[in-house]
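Trainee: Below are the chains, spelled out letter by letter.
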Amino acid sequence: MTDTFEIRDLHVSVEDKPILKGVNLVVPKGQVHALMGPNGSGKSTLANTILGHPKYTVTRGDIRMKGESILEWDTDERARRGLFLAFQYPCEVPGVRVSNFLRMACNARAGRELDVMEFYEKLEEKMKKLDMDERWVKRYLNEGFSGGEKKRNEILQMLMLEPEFAVMDETDSGLDIDALKIVAHGVNELRGPNIGILIITHYERILRYIQPDAVHILVDGRIVKSGDADLATHLEQHGYDWITKEVVA
Amino acid sequence: MNPVAWQRFLQLPMPSRHDVDWRHLDLRALRLERVEKRTQPARVTFRGQPPTGVIFGKLSGHRTEANRFLGKAIAWENRHKFVALHEALWEDGAVVLVPKNCRVTDPLEIHYELPNHDSAAFPRTLIVLEPGAEATVVQKYTGAPSLQAGATELFVQPGAHLHYISLHQLAPTSFDFLIKRARVAQDAEIDWVIGMFGAALGRYDIECEMEGRGGSSFMYGVGLGAGQEQLAQFTHQHHRSGDTTSDLLFKNVLRDRAVSSYTGTIRVEKNCNGTNAYQSNRNLVLSREVQCDTRPVLEIESNQLRCTHGATVGRLDDNQMFYLRSRGLNEAQARQILIEAFLEPVLARIRVDTVRREFEELIRQKIIR
Numbered sequence: 640m641t642d643t644f645e646i647r648d649l650h651v652s653v654e655d656k657p658i659l660k661g662v663n664l665v666v667p668k669g670q671v672h673a674l675m676g677p678n679g680s681g682k683s684t685l686a687n688t689i690l691g692h693p694k695y696t697v698t699r700g701d702i703r704m705k706g707e708s709i710l711e712w713d714t715d716e717r718a719r720r721g722l723f724l725a726f727q728y729p730c731e732v733p734g735v736r737v738s739n740f741l742r743m744a745c746n747a748r749a750g751r752e753l754d755v756m757e758f759y760e761k762l763e764e765k766m767k768k769l770d771m772d773e774r775w776v777k778r779y780l781n782e783g784f785s786g787g788e789k790k791r792n793e794i795l796q797m798l799m800l801e802p803e804f805a806v807m808d809e810t811d812s813g814l815d816i817d818a819l820k821i822v823a824h825g826v827n828e829l830r831g832p833n834i835g836i837l838i839i840t841h842y843e844r845i846l847r848y849i850q851p852d853a854v855h856i857l858v859d860g861r862i863v864k865s866g867d868a869d870l871a872t873h874l875e876q877h878g879y880d881w882i883t884k885e886v887v888a
Numbered sequence: 003m004n005p006v007a008w009q010r011f012l013q014l015p016m017p018s019r020h021d022v023d024w025r026h027l028d029l030r031a032l033r034l035e036r037v038e039k040r041t042q043p044a045r046v047t048f049r050g051q052p053p054t055g056v057i058f059g060k061l062s063g064h065r066t067e068a069n070r071f072l073g074k075a076i077a078w079e080n081r082h083k084f085v086a087l088h089e090a091l092w093e094d095g096a097v098v099l100v101p102k103n104c105r106v107t108d109p110l111e112i113h114y115e116l117p118n119h120d121s122a123a124f125p126r127t128l129i130v131l132e133p134g135a136e137a138t139v140v141q142k143y144t145g146a147p148s149l150q151a152g153a154t155e156l157f158v159q160p161g162a163h164l165h166y167i168s169l170h171q172l173a174p175t176s177f178d179f180l181i182k183r184a185r186v187a188q189d190a191e192i193d194w195v196i197g198m199f200g201a202a203l204g205r206y207d208i209e210c211e212m213e214g215r216g217g218s219s220f221m222y223g224v225g226l227g228a229g230q231e232q233l234a235q236f237t238h239q240h241h242r243s244g245d246t247t248s249d250l251l252f253k254n255v256l257r258d259r260a261v262s263s264y265t266g267t268i269r270v271e272k273n274c275n276g277t278n279a280y281q282s283n284r285n286l287v288l289s290r291e292v293q294c295d296t297r298p299v300l301e302i303e304s305n306q307l308r309c310t311h312g313a314t315v316g317r318l319d320d321n322q323m324f325y326l327r328s329r330g331l332n333e334a335q336a337r338q339i340l341i342e343a344f345l346e347p348v349l350a351r352i353r354v355d356t357v358r359r360e361f362e363e364l365i366r367q368k369i370i371r
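Protein chains in written order, with my numbering: chain C, 640 to 888; chain U, 3 to 371.
Honestly, the hints are just simulated from the structure, not real lab data.
These numbers come from a predicted model, not from an experiment.
Treat the hints with care, since some could be wrong.
[To be verified] Listed next, with one range per pair, are the computed distances between beta-carbon atoms:
1) C:767 <-> U:291: 24 to 34 Å
2) C:655 <-> U:14: 54 to 64 Å
3) U:108 <-> C:783: 36 to 46 Å
4) C:848 <-> U:318: 36 to 46 Å
[Claimed, not checked] Covered by chain U, according to a simulated footprint, are these stretches of chain C (three or more residues, beta-carbon under 8 Å):
5) 682–696
6) 731–743
[To be verified] DMTMM-like, lysine to aspartate or glutamate: derived pairs with alpha carbons at most 25 Å apart:
7) C:789 <-> U:120
8) U:83 <-> U:132
9) U:83 <-> U:136
10) C:777 <-> U:346
11) C:694 <-> U:346
12) C:789 <-> U:21
13) C:656 <-> U:320
14) C:694 <-> U:21
Beta carbons: idealized from backbone N, C-alpha and C, even for Gly.
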């Protein structure tokens with residue numbers, strides 16, 4: 640069980656307020672898991688904690704990648720070692736061109752200066768898959784991008800960086816159906832034995848295009864139920880109410 | 003020596019923190035005793051191949067042509083103490099005079115290498131573009147004098163177009179006082195980029211006088227402060243004619259215990275309808291010990307015009323830092339990217355590639371190192 644991404648009894652606070660209250664989750668390489676939950680259940684807290692956002696404090700538990708605790712690693716070390724977060728709200732960085740930024744990120748991930756020609760060939764190939772034209776990479780990072788463009792840009796980075804474990808934080812929110820299909824296509828492209836993916840979402844919709852191996856439901860900082868893809872369908876039909884009641888009972 | 007100016011210099015009191023323009027600045031380390039005896043000329047080197055007809059060289063070699071213009075852009079009488087000092091003691095400098103309709107494609111570079119140690123230098127520069135002329139002029143000031151008080155007068159005559167880049171990088175022990183004023187005539191344009199990269203105290207008065215319809219000035223500046231350096235910027239956008247445009251963006255990056263103060267005046271005279279005047283000062287502060295002050299002054303006497311101003315003082319954005327680091331860039335790389343991105347809108351205005359690279363390299367050495 641070393642080729643896994645594992646969250647053990649994770650407790651996280653934001654400004655001394657406990658948000659996660661003992662999350663347990665194992666995503667093996669080669670699988671796609673979905674984490675669903677109502678608003679305020681702690682989904683984004685989990686995503687940001689995994690990448691070590693300074694606002695979130697781990698008070699108990701552990702996060703382990705391939706058997707090693709990552710909690711002592713800085714955010715950039717987590718990324719270089721193969722963790723990736725597709726942000727729910729990617730921030731705008733005016734003055735930084737997408738292509739330059741991606742090249743620096745790919746060099747950092749590779750731990751060496753990559754051949755420029757190879758880099759651009761790969762970039763072109765990945766952009767084609769996401770239906771992006773070449774003007775895209777000359778733009779400033781996320782500046783003036785529409786919601787859908789920002790999300791596609793996150794997926795482009797994911798395809799370029801080839802992480803070992805990826806967390807997608809509500810990548811589907813704000814996407815129209817065409818954009819959603821493009822994003823799903825990108826994820827399915829990456830899917831395979833060398834990567835574990837955790838899709839965080841409020842809605843079942845994206846899971847129609849990306850078939851999960853397992854579905855977990857997060858309520859009030861704990862995973863209260865896990866199951867297969869049918870669990871997501873059930874949620875779609877019945878909402879989150881029944882599960883909250885079940886938990887209370 | 004100009005004795006009238008010298009008297010004026012002697013009469014004016016040493017600026018103190020009680021003067022509004024100097025209130026954030028500390029001049030105590032400046033020694034003015036026997037300053038007139040310590041004067042040493044700057045070594046000037048010229049680079050660039052102008053076509054025949056262009057005057058490009060030491061001011062002393064072209065006094066006849068220069069005399070028509072000297073003192074016509076900067077009236078020193080009502081200025082601060084160090085402008086009077088410059089006027090009293092300046093002897094030589096450089097001149098660029100581009101005749102009518104002449105287009106100079108090669109950038110013309112004037113480099114003042116200032117004397118080191120206990121010395122003072124007072125270079126005067128004159129740049130004149132006659133009607134319809136075009137040129138790019140690059141001015142550089144380097145060295146470690148104890149004092150420089152310099153002046154540059156710029157004349158952009160009707161329909162002329164000047165791209166003017168000026169780079170100031172003195173030692174952290176030098177006191178640097180520079181005044182530059184451009185007179186911009188009808189349908190003329192000046193594109194400025196001023197790099198203020200170091201001095202114990204640097205005071206830069208950068209001014210444009212819009213005196214003909216259709217004239218425009220695009221004034222861009224980047225200032226860096228590290229250690230205990232003090233940076234004072236005074237800009238003046240003076241509209242004496244309607245249908246003129248002046249745009250201004252000054253960006254500063256400050257670290258350690260640097261002090262900076264920016265004062266930006268927009269003055270629009272009566273009967274100057276159709277004026278467009280914009281001013282923006284942005285400061286990026288990298289440490290808690292930095293002192294940063296920014297002050298707009300608007301003196302508007304016309305009614306039909308567009309005028310905006312804005313100022314910010316901010317730190318590196320935590321969310322941007324987290325985003326960049328989440329892609330594997332370490333803290334130093336992420337900072338570098340964000341600082342360079344902050345300055346990009348100014349650097350993008352430099353149309354001479356080698357000079358732009360020089361700016362970038364100096365920024366890296368000073369701020370990012």
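Trainee: Are the hints correct? Go through all of them and say.
Mentor: Going through the hints against the structure:
1. C:767 <-> U:291: 24 to 34 Å: Taking Cβ atoms as reference, residue 767 of chain C and residue 291 of chain U lie about 50 Å apart, which means the hint is violated.
2. C:655 <-> U:14: 54 to 64 Å: Once the Cβ atoms are compared, 58 Å apart, the range 54 to 64 Å for residue 14 of chain U and residue 655 of chain C holds.
3. U:108 <-> C:783: 36 to 46 Å: 37 Å, holds
4. C:848 <-> U:318: 36 to 46 Å: Since residue 848 of chain C and residue 318 of chain U have Cβ atoms about 38 Å apart, the given range 36 to 46 Å holds.
5. 682–696: holds (count 3)
6. 731–743: Holds: 6 residues of the region 731–743 of chain C have a Cβ under 8 Å from chain U.
7. C:789 <-> U:120: 57 Å, violated
8. U:83 <-> U:132: Measuring from Cα to Cα gives roughly 32 Å; hence the hint is violated.
9. U:83 <-> U:136: Judged against 25 Å, a Cα distance of about 34 Å means the pair is violated.
10. C:777 <-> U:346: The given pair, whose Cα atoms are some 14 Å apart, holds under the 25 Å limit.
11. C:694 <-> U:346: 29 Å, violated
12. C:789 <-> U:21: 50 Å, violated
13. C:656 <-> U:320: It holds: about 21 Å lies between the C-alpha atoms, which stays within 25 Å.
14. C:694 <-> U:21: Judged against 25 Å, a Cα distance of about 44 Å means the pair is violated.
Hint violations for this structure: numbers 1, 7, 8, 9, 11, 12, 14, all remaining hints satisfied.
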